[in-house]
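K.L.:
Chain B: place on chain A using the hints.
Protein chains in written order, with my numbering: chain A, 1410 to 1724; chain B, -18 to 246.
Accuracy of the hints is not assured; some may be wrong.
Said to hold, decoys possible - Cross-link-like lysine to aspartate or glutamate pairs, in silico, EDC-like; alpha carbons within 20 Å at most:
hint: 1; chain 1: B; residue 1: Lys228; chain 2: B; residue 2: Glu215
hint: 2; chain 1: B; residue 1: Lys126; chain 2: A; residue 2: Glu1573
hint: 3; chain 1: B; residue 1: Lys(-13); chain 2: B; residue 2: Asp47
hint: 4; chain 1: B; residue 1: Lys126; chain 2: A; residue 2: Asp1451
hint: 5; chain 1: B; residue 1: Lys222; chain 2: B; residue 2: Asp192
hint: 6; chain 1: B; residue 1: Lys58; chain 2: A; residue 2: Asp1596
hint: 7; chain 1: B; residue 1: Lys88; chain 2: A; residue 2: Glu1573
hint: 8; chain 1: B; residue 1: Lys102; chain 2: B; residue 2: Asp121
hint: 9; chain 1: A; residue 1: Lys1653; chain 2: B; residue 2: Asp121
hint: 10; chain 1: B; residue 1: Lys(-13); chain 2: B; residue 2: Asp50
hint: 11; chain 1: B; residue 1: Lys147; chain 2: B; residue 2: Glu104
hint: 12; chain 1: B; residue 1: Lys167; chain 2: B; residue 2: Asp69
hint: 13; chain 1: B; residue 1: Lys149; chain 2: B; residue 2: Asp12
hint: 14; chain 1: B; residue 1: Lys88; chain 2: B; residue 2: Glu107
hint: 15; chain 1: B; residue 1: Lys126; chain 2: A; residue 2: Glu1644
hint: 16; chain 1: B; residue 1: Lys58; chain 2: A; residue 2: Glu1573
hint: 17; chain 1: B; residue 1: Lys126; chain 2: B; residue 2: Glu104
hint: 18; chain 1: B; residue 1: Lys102; chain 2: A; residue 2: Glu1573
Derived from the structure by calculation, the hints contain no laboratory data.
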Amino acid sequence: MAAYFASLNFLKLLRSMPGGVAQGLIWGLMALGLYITFRLLDVADLTVDGSFTTGGAVTVMLILAGWPAWAALLVAVAAGVLAGLVTGLLHTRLGIPAILAGILTQLSLYSINLRIMGMSANKAVSVDKYHLVLTSRNIPGSILTGLIICLVLISFFYWYFGTEQGSAIRATGANAAMCRALGINVDTMKVLGLAISNGIVALSGGLMSQYQGFADINMGRGAIVIGLAAVIIGEVIGHALLGKYMNFYGTLSFVVVGGVLYYLVIVTVLWLKLNSNDLKLFTAVIVGLFLAIPYLRAHRKSSFARLKKGGGTNA
Amino acid sequence: MLDVVKISKTFNPGTINEKRALSELSLHLDDGDFVTVIGGNGAGKSTMLNAIAGVWPVDEGRIVLDGNDITALPEHKRAFLIGRVFQDPMMGTAPNMQLEENLALAKRRGERRGLRWGVTKAEREEYHERLKTLGLGLEDRMTAKVGLLSGGQRQAVTLLMAALRKPKLLLLDEHTAALDPATARKVLELSDSIIQENGLTALMITHNMSDAIRHGNRLIMMNEGHIILDVRGEEKAHLTKRELMEKFSQLSGAQVENDAMLLSK
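Chain A extracted, bound-state conformation:
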């Protein structure tokens, strides 16, 4: 035990923090995409595990083909939008429950992503040979780029979800029956939301592949859980800090903060020399806990179990 603690170098943890922030920002961006479906449309969209990888694969392959990185990212966004469209149409046109539609698209994307990467599970793109938007070799630069992209996207969200169309998407998630009565095509709004969401997720996948210097067929596995972790951690902390002053700007900013915090926890866990293969289990437990907190909190205030113990107000 003493030997274990002696082997931990606190300075090493501090040194790995900036890298954690950079990656956290990229995951925060992906969480912003997930926020549209999970919170605004009230749908758990499992497409993202696939479309994150699609974004990475498209970006790397196009850069390797000589495209400038920014153009490659644009095509990646388009590919993500397409994936979201497929899920949306499976759901609205063919009546498949949203969660299953997402699973179907995600599964098919595994094959498609392999095809995009020329049937190899891993494609490297070296920052020495190509000009990349961000890279783990330049962490301060990557943090700055990540921050700028997140800020631009938050501003875009703030504008778009304030427009007539964006309001209609929000209303669709809140009350579909009302929307139909007000002449809103609920199906179109769902497809639109899924498309935009997956476009952003693919953008984040494209950034991640550049940061780590490769695209991997499994890079998106569990992306939805990480995204949910960011959304929920961000909401909990945002509410604790801002309370009722929390507005849409605040909510979105804290989603990104949630992504960064999540990744810093991961960095710390790795520093504690936990086996990195256990990370998914660890993530699932954390997200499970955060998802359960609102329920357990409400349950504590009003439950049958409490009455049984004689804890009722009349006892």
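P.N.:
Just chain B, lined up with the frame of chain A:
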């Protein structure tokens, strides 16, 4: 104005739960008609309103509203002609959106929703004035989430929303049934004044016979998917509850001794 011609609807056809909810129902409404609709449970009142609103397609018949044949239009595409208030106060508004955002959504009923700003400054002033007329103090809570309002307040807001962009036809589906008596009376009065001020054509379902007699210029009674009684003008104005009940038992062939029987039929 509204022409419903021999519409029929059967739910769950070919199953043990088969139910012919509307059978060759026809109805003509003149411009400015305010029609109250009564009938027992399962008489087809809500089904008729849902058929007109386009919640699902009818099996047979045609529906023409203000010169537009809307029979084949899905719900959201006929919304530009129709304003609606539901029985459930939760159904008509988006709880996690602001009051003014809800009104703005309704203001654009049936319009293409583009990338213009969702609520403009000029609109806010209009909403402020309109909310004032409700007398509920809601004009000072325009940025509050609608979910924080009471059922009666939400129903009043839904009424306002339905009339914000003047509809050719207003459908009220037992919109006071879930409210306490005092609030229900207020919302009914409000419905009356909104219909009168805007000169709206309206169909209002109610379970309360006195309300059905007191409001509107015309009353229809439904049973087993069609209309069995249609009174208007002077005749309706002088109608009594007792007469109405007698008519019901006579026309439906059932023995009705009181209000409650009619309600539970």
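K.L.:
Each hint should be assessed against the structure and marked as holding or not.
P.N.:
Tested hints:
| no. | hint | result |
| --- | --- | --- |
| 1 | B/Lys228 - B/Glu215 | 17 Å, holds |
| 2 | B/Lys126 - A/Glu1573 | 18 Å, holds |
| 3 | B/Lys(-13) - B/Asp47 | 18 Å, holds |
| 4 | B/Lys126 - A/Asp1451 | 18 Å, holds |
| 5 | B/Lys222 - B/Asp192 | 10 Å, holds |
| 6 | B/Lys58 - A/Asp1596 | 13 Å, holds |
| 7 | B/Lys88 - A/Glu1573 | 11 Å, holds |
| 8 | B/Lys102 - B/Asp121 | 15 Å, holds |
| 9 | A/Lys1653 - B/Asp121 | 18 Å, holds |
| 10 | B/Lys(-13) - B/Asp50 | 14 Å, holds |
| 11 | B/Lys147 - B/Glu104 | 15 Å, holds |
| 12 | B/Lys167 - B/Asp69 | 16 Å, holds |
| 13 | B/Lys149 - B/Asp12 | 9 Å, holds |
| 14 | B/Lys88 - B/Glu107 | 11 Å, holds |
| 15 | B/Lys126 - A/Glu1644 | 18 Å, holds |
| 16 | B/Lys58 - A/Glu1573 | 17 Å, holds |
| 17 | B/Lys126 - B/Glu104 | 18 Å, holds |
| 18 | B/Lys102 - A/Glu1573 | 14 Å, holds |
Checked against the numbered hints given earlier, this structure breaks none of them.
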